[in-house]
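Enquirer: Given chain A's structure and the hints, the job is docking chain B onto it.
If you're matching them up, the sequences are chains A and B in order.
Residues in the first sequence are numbered from 17 upward in steps of one, following our numbering.
Residues in the second sequence are numbered from 17 upward in steps of one, following our numbering.
Some chain A residues near chain B, calculated using beta-carbon distances under 10 angstroms:
| # | residue |
| --- | --- |
| 1 | F83 |
| 2 | S129 |
| 3 | S132 |
| 4 | S136 |
| 5 | N164 |
Derived pair list, reagent style DSSO-like, types lysine-lysine, alpha-carbon separation capped at 30 angstroms:
| # | chain 1 | residue 1 | chain 2 | residue 2 |
| --- | --- | --- | --- | --- |
| 6 | B | K137 | A | K58 |
| 7 | A | K55 | B | K137 |
| 8 | A | K18 | A | K195 |
| 9 | B | K137 | B | K65 |
| 10 | A | K180 | B | K180 |
| 11 | A | K180 | B | K113 |
| 12 | B | K55 | A | K137 |
| 13 | B | K180 | A | K55 |
| 14 | A | K220 | A | K201 |
| 15 | B | K113 | A | K18 |
In case anyone wonders, no lab produced these hints; they're calculated from the structure.
Glycine residues also receive a C-beta, built at the ideal position from the N, C-alpha and C atoms.
So the chains spell out like this:
There are 2 protein chains.
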Amino acid sequence: MKVLVLFSGGVDSTTCLGMAVAQYGKENVTALSVSYGQKHTKEIEASRKIAEYYGIEHLYLNLAEIFTYSNCSLLSHSEREIPQESYARQLAMTGGKPVSTYVPFRNGLFLASAASIAISKGCEVIYYGAHADDAAGNAYPDCSDAFNRAMNDAIFIGSGRQCKVEAPFVGLTKAQVVKIGLDLKVPYELTWSCYEGQENPCGKCGTCIDRAEAFRLNGVVDPGTVKEL
Amino acid sequence: MKVLVLFSGGVDSTTCLGMAVAQYGKENVTALSVSYGQKHTKEIEASRKIAEYYGIEHLYLNLAEIFTYSNCSLLSHSEREIPQESYARQLAMTGGKPVSTYVPFRNGLFLASAASIAISKGCEVIYYGAHADDAAGNAYPDCSDAFNRAMNDAIFIGSGRQCKVEAPFVGLTKAQVVKIGLDLKVPYELTWSCYEGQENPCGKCGTCIDRAEAFRLNGVVDPGTVKEL
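If we strip away everything but chain A, and leave its shape as in the complex, we get:
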């Protein structure tokens, strides 16, 4: 069976990719990376290196045009700054509404694009790395369980039952995802998470904070922040 992995080059989707390679064999795995006008194009570079590491087919798609009208702080054309706070604090400030780094319906768009490509290439499964922490408190409503269920139904039905979505981490915390990845020897030193487009991770944005915590809870130093190994 062939599988398409939605692949950003971050911790979650790289773990997902590692799982897919372990389960299906690298010759049956295709990774799809999407550029959407994000400030942190370093994740695209990271995805390329990781795909090379695994020796899998790697597709790249540019959907930046679709987000022309969004003022999401994650986008390079936005003048809004990326909040340097945890998601919990950000949500307290938005009153439970999506945070400023919510890219409008991004996961829905990525999954739909993945579905079109998966059906075309005969991949019966789309893997993607949504996990429980992302959805917490509606920070990213397109990561919630309810969203995933509806989108998975839409893809299964709308593909004429040719393709389905699997989100193996949907009930897990990021720390639990990292635990799986450490067991699978996922090359976390090649991944990129930080939302800022700088040379090194800022260590202050929501995703840097979450990442550090996930490794700390596993009693491991994050290899992505270590400069000299």
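Expert: Chain B alone, transformed into the frame defined by chain A:
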């Protein structure tokens, strides 16, 4: 309230656009047309003329790259010919599987793109023209009631309840859609339906056959096939 209309330049979506303009006023309506590598780029020209006719904002998106790997007969890079038969006969030949003009998850991708844009532009509603005949017998599984329900849920939930989909024709036949459009004085003479990219409609493909029948059932000559009015 602002509304985004998924708009191909064909009979159904043009009727949808006419309804949206009548209900919300032209200043609150944005139309979104998508190029996806189709043979019939004439529908894009048609959509431009119709948007001009209504004096509405018109956005255009090119998603052809996503369908690079599809061999759907509707695509300009495909060598497969577009069947010159009714959908009923085509389905009999595919054994109930999607017909050769099924573009992989096209409607899901279009709706997801529309959701990203609608949220960005503050449109609370996405209108689109799926109707009962499209879904009949699974010719296009991404037009079915079940698909629409799931996709609508995904968009409502995944947008953080900022945006919902309305498909006003989902329980209607194409003939009933045309009836509504005739009452609204929709400029059907500007629309384009034929799947072949020729100068004039072929009159033989599934969509030409359906279109002719829909006007015939309303006792009207299709203004889109009349050369001299």
